[in-house]
Each structure stands twice: as C-alpha cells, then as structure tokens.
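Engineer: Chain by chain, the residues run as shown.
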Amino acid sequence: MTKSISDLEEIARKCRVEIVKMVHRAQAGHPGGSLSEIDLLAALYATRMRVRPDEPKWGDRDRFILSKGHASPGMYSILAEMGFISHEDLKSYRVLGGVCQGHVDMKWCPGVDFSAGSLGMGLSFGMGCATAARLDGSDRRAFVMIGDGEMQEGSVWEAAMAAAHHELGNLKVILDRNRIQNDDFCEVQMRMFDIPAKWKAFGWNVKEIDGHNMTEVMEGLDFLEAPENCNGPSILIAHTIKGAGISYMENNPSFHGAAPNDEQFHQAMLELGEVEA
Amino acid sequence: MTRMAATRDGYGQALLDLAGNEKVVVLEADLGKSTKSLHFRKAYPDRTISCGIGEQNMLLVGAGMAASGYIPFASTFAIFTERAFEQMRNGIARPNLAVHLCGSHGGTHTGTDGSSAQSIEDLGIFRTLPNVVVMHPCDDVSTRVLTMQLPALGTPSYMRTARNKTPVLYDGREDEIKIGKGIVLKEGNDVAIVACGVLVSESLKAAESLKAEGIHATVVDMHTLKPIDGELIDTIATRCGALVTAEDHNVIGGLGSAVAEHLVANTFAPLEMVGVPDRFGESGQADEMLEVMQISAHYIALAAKKAISRK
Numbered sequence: 001m002t003k004s005i006s007d008l009e010e011i012a013r014k015c016r017v018e019i020v021k022m023v024h025r026a027q028a029g030h031p032g033g034s035l036s037e038i039d040l041l042a043a044l045y046a047t048r049m050r051v052r053p054d055e056p057k058w059g060d061r062d063r064f065i066l067s068k069g070h071a072s073p074g075m076y077s078i079l080a081e082m083g084f085i086s087h088e089d090l091k092s093y094r095v096l097g098g099v100c101q102g103h104v105d106m107k108w109c110p111g112v113d114f115s116a117g118s119l120g121m122g123l124s125f126g127m128g129c130a131t132a133a134r135l136d137g138s139d140r141r142a143f144v145m146i147g148d149g150e151m152q153e154g155s156v157w158e159a160a161m162a163a164a165h166h167e168l169g170n171l172k173v174i175l176d177r178n179r180i181q182n183d184d185f186c187e188v189q190m191r192m193f194d195i196p197a198k199w200k201a202f203g204w205n206v207k208e209i210d211g212h213n214m215t216e217v218m219e220g221l222d223f224l225e226a227p228e229n230c231n232g233p234s235i236l237i238a239h240t241i242k243g244a245g246i247s248y249m250e251n252n253p254s255f256h257g258a259a260p261n262d263e264q265f266h267q268a269m270l271e272l273g274e275v276e277a
Numbered sequence: 001m002t003r004m005a006a007t008r009d010g011y012g013q014a015l016l017d018l019a020g021n022e023k024v025v026v027l028e029a030d031l032g033k034s035t036k037s038l039h040f041r042k043a044y045p046d047r048t049i050s051c052g053i054g055e056q057n058m059l060l061v062g063a064g065m066a067a068s069g070y071i072p073f074a075s076t077f078a079i080f081t082e083r084a085f086e087q088m089r090n091g092i093a094r095p096n097l098a099v100h101l102c103g104s105h106g107g108t109h110t111g112t113d114g115s116s117a118q119s120i121e122d123l124g125i126f127r128t129l130p131n132v133v134v135m136h137p138c139d140d141v142s143t144r145v146l147t148m149q150l151p152a153l154g155t156p157s158y159m160r161t162a163r164n165k166t167p168v169l170y171d172g173r174e175d176e177i178k179i180g181k182g183i184v185l186k187e188g189n190d191v192a193i194v195a196c197g198v199l200v201s202e203s204l205k206a207a208e209s210l211k212a213e214g215i216h217a218t219v220v221d222m223h224t225l226k227p228i229d230g231e232l233i234d235t236i237a238t239r240c241g242a243l244v245t246a247e248d249h250n251v252i253g254g255l256g257s258a259v260a261e262h263l264v265a266n267t268f269a270p271l272e273m274v275g276v277p278d279r280f281g282e283s284g285q286a287d288e289m290l291e292v293m294q295i296s297a298h299y300i301a302l303a304a305k306k307a308i309s310r311k
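Chains A and B, in that order, give the protein sequences. First residue of the first sequence? That's 1 in this note's numbering, and the numbers climb one at a time after it. First residue of the second sequence? That's 1 in this note's numbering, and the numbers climb one at a time after it.
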C-alpha cells in the first residue's frame, strides 16, 4: 500500500473536512488540536501502523495512544478513513450512546487503544504497552501522541524518565507542538524553554520537523522507525499550527475548544475545497 | 501461642505463589522492600518493572500492560497510592483494566513514621470508584489467599496491607476465605461487630471482654469492603439487632460507611462506628496509636454496649 505525498495530503484534507463537520454538528469539541495533528495522523495510519481495521483487537497490532484525547475528532476522522468505523459513525461524536465519545475511549470505539481525557496519562500507558510487547517477544510498537501544553503535567516526565531507563526502543512519541493550550499560548501559560534539549537530557532520540510538510512528516516517521533509533525511546517533535488549514482558526486560542458557527462552517468548507464559492 | 505476622508478608508470598502464571507482572515504585514485592523481584527480575519513585506512571504502565494481556500487581505505601488517584480513576477503573494495586503501611497502626505515612482515607476514596474491588485483610494468611484470587477477578482492585504484625487467625482455614464474603469468627446474639484489617483481632478481644459481662457478640471479618457482603450484614443485623463497625481508617467513608449504606436501605438496626475520629495521626507505636485514636478493643466494647442500648 504505497501512498504518495499527494495521496497523504488528500487523506489529511478529507479528515479536516470531517473534523470541522464533527465539531460543527456537535457545537462543541476541539477543532484546533485536531487540525494541528491531522497531517501526522494521516501519514502514521496510512503508511506505518500495523493494524487490521476489520480485526481491531488483533493482539499483535501496533498501538496508537492519543494522550491529548480531547483532539478526538482528528483520530475519529482517520479511523473512519482507515475503515475502523464508518463515516456515518462520525455523526455520533458527543451524542448519547455514540462510539465517538467526547474524548477517545477504548471501551466505545473500535481502533482506540486508550481511554483518554486527562492529560499526562498516555505516555505511561504507552510505556506499559511497549513493555508488554517486549515481554511477549513481539515487534509491535506503541506510538503515543502528546501535546505541548500537556508537557506541563509532571507525570509526563515520570514516564519519560522510566521509558529511557528501560530502553524501550519500541516506544515512539509524536509531539504536536502547536504552541497553544486551553487558556492561551503556551508561552504565556507556562514557558517550556528548550524542548528538544529536555527530551535529549532524559535520554531520548529526538528529531524536529514541520508537522504540516508531508515530506518532512514521512522523514520524521522514518526516523522513529530507523533501527539505529530503536535502542531506546524516540520522540518526533512536530512543529504545527493550531487550527491548521482553516484560516480563522489558525493560531487562534479561541478555537482550542470551540465550534464554528454556520457562517464559519461554510467558510471552512470553502477553504477545504469541499464547496465552490 | 498465637502466631504473629504482617499482612504485607502475605502479599509478598502470594506474588511468589502466583508466579507460575506467566502473565503475572510486578510493578514497583521503590518500595518493594516495604510492600514485600521484593521477593518476586529477586526470583523474577524480568517480570518486575521498576517505575522509580513515580506512582502515577506506575499505575498507567500497569494499565497499558493489562490492556496487553498481562496481570499487573503494583504496590507502594497506601498513602502514595492516593497521589495516583486520578490515574486509578480515569486510566484503570473507567476502562475496567484489571490492575491490582496494593497499598501497604495503611492506617494509624503503621506507627512511628507519623501522620504523613498513616493513610486514613485510602479505603474510602477507592471505594467510590466503579469497577474497583476494595479489600483490607486482617492477617497474612487471608492476605495471601485473597491476593491469589485476584487474577480470576477480571476487574481492578485495591488492597490495603499493614506494616506491623497482627495475630494470625486463618492458619489451616484458607478454604473459608473468598473475595466479597465476610467471615463470622465468633457467634453471639447480643451485638455484631464488623471489622476489617488490624481491628479484627481488637474486635475479638472486645468480644472476650464483653463476654465477661454477659454480653455475647458476633464478630465478622469484613475483609472486602466493596462489594460489601450485604447478605451477611442482613443476617447479623436481624439476629443481633445492633451493630458496631471497627476500622483503622477515618470514620468517614470506610467500612462503617459501607455497612451503614447497606443497613439504611435494607435491614435497619442501630450502628456505632469505631474509626479514626476525622483527625490526622502522629508518631507513636502501633498499640499506642489505637488508644490515641480510640479504636482499640476497649473502645470497640464501649461502642458495642452503646449500640445495644439503642435497640
């Protein structure tokens, strides 16, 4: 299943359409972080994840843990694109009884490996999955996506230290460095200084990329999988733009957790090429 | 002479006994020497995961392993399990992942380390979590037997063990011990004393002193606080007409609350609750702490007479 860069870009575009539709329909949710992460998720799922959409509980699947679980529309859109759930299922986002719960939940949605919602938890869970894979003698990997604001949770660093101590080469983190958190820009809320240096100091393999340049995204995923980087845990720091792809959401803290109105929705569909002007 | 042992030793022995199950793994947060998981670590280092002094990480590593088919046993001091409460709530209980958490050194009975180490709220807070079984056994035998039953449970659990030695009650009686079933240690028709953990032996002492006054008490070891053995509570409430609960835990939220919650909705009977009187502890010997907190045999007997007077 070879995918060209333009194929991946088209998958990401379709996912963006679904993300905006989901939060617009629900009039709630988190579009900003879903749009910043989606190019990464599209490339990861379409080209790297060893999973079986028709057998979501296959024991030797790679695990994907969306630690920033509020950015669930992004994950649901790629799960639909991959066939874990239907596009019809996306309409259940935030609806009573729906598979698409507000935050991704392993008990509700096929293809979801971790029940998220509280920040700072996914990396530890991923460490558990990676440790189990090692004990099983399996080559399955645990991919964890964390957010930059999330790194303010101390538990992230408990996990970072422990994963390096145990040399978990099958643990791969993607950091969605979109520079905005709930209340404001990260720089305002809590400065994080030299993020690559912090992870290096904790014993991780580190690479930085532009998280919206699909060629760089693929190089970044190559880095995570490279044999020379399987001696211990690795992190891909992806510089992204919150709300990427929708002009009025980009770099706008207001769209961390707010839905577009009808007019804004129409504009988003125009910008994504779903409707003609 | 009664054999004395610490419940934490029963936990450590159980882990060794469970090791034949290759899915059993042990998680530590630098207190394996204290919680007694160290024996497993020595024998099975490949299946023991050190999480450093990081309880929040430890619990979710356990969750990830449970989601991958393993049966994790994580332990630390009872007090430090509390800093990972949200991990237990959102990462373990909510997705119903069978991680088994053991908090040792619980209660004021833990003694001279003082109030910071004397968890008096662990049973209460974990009891509020859906899917979580909560236990506080009274001796090393029952601790071992209950721990051995956990892999078959399929849901998460919290078990408090104690630092200091208490009388062993169940040598040769292993078959009587089952998760969720209280054990009648003594039969009497005047009052029923329902206890857990270190206060079970205190309750037996209280029953002896009451007997000298012509009062015959039933004594129940309610080692499982959740699910509470409601059938047994109904039986003893009907037979005795008055109850006392006894626990080395804040009188708010623990065994007394669990029994009260059942009684008010089912078989009404007066209930006196012996527990830590909503205050923090201090440094002292284990037996001294039971007096300071007014939860020793003497106070249990007083509470029994008060309960009887309210019939």
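Take these hints with a grain of salt, some might be off.
[Said to hold, decoys possible] When the alpha-carbon atoms are kept at most 25 Å apart in a straight line, the in silico BS3-like pairs for lysine-lysine are as follows:
1) Lys186/B x Lys211/B
2) Lys107/A x Lys226/B
3) Lys33/B x Lys23/B
4) Lys23/B x Lys57/A
5) Lys165/B x Lys42/B
6) Lys226/B x Lys211/B
7) Lys186/B x Lys165/B
8) Lys107/A x Lys23/B
9) Lys205/B x Lys165/B
If you're looking for bench data, these hints aren't it; they were derived computationally from the structure. Nothing here was measured: the structure is a model prediction, and the numbers come from that model.
Engineer: Does each hint hold? Answer for all of them.
Structural biologist: Each hint, compared with the structure:
no.: 1; hint: Lys186/B x Lys211/B; in the structure: 11 Å, holds
no.: 2; hint: Lys107/A x Lys226/B; in the structure: 23 Å, holds
no.: 3; hint: Lys33/B x Lys23/B; in the structure: 22 Å, holds
no.: 4; hint: Lys23/B x Lys57/A; in the structure: 18 Å, holds
no.: 5; hint: Lys165/B x Lys42/B; in the structure: 23 Å, holds
no.: 6; hint: Lys226/B x Lys211/B; in the structure: 30 Å, violated
no.: 7; hint: Lys186/B x Lys165/B; in the structure: 22 Å, holds
no.: 8; hint: Lys107/A x Lys23/B; in the structure: 22 Å, holds
no.: 9; hint: Lys205/B x Lys165/B; in the structure: 16 Å, holds
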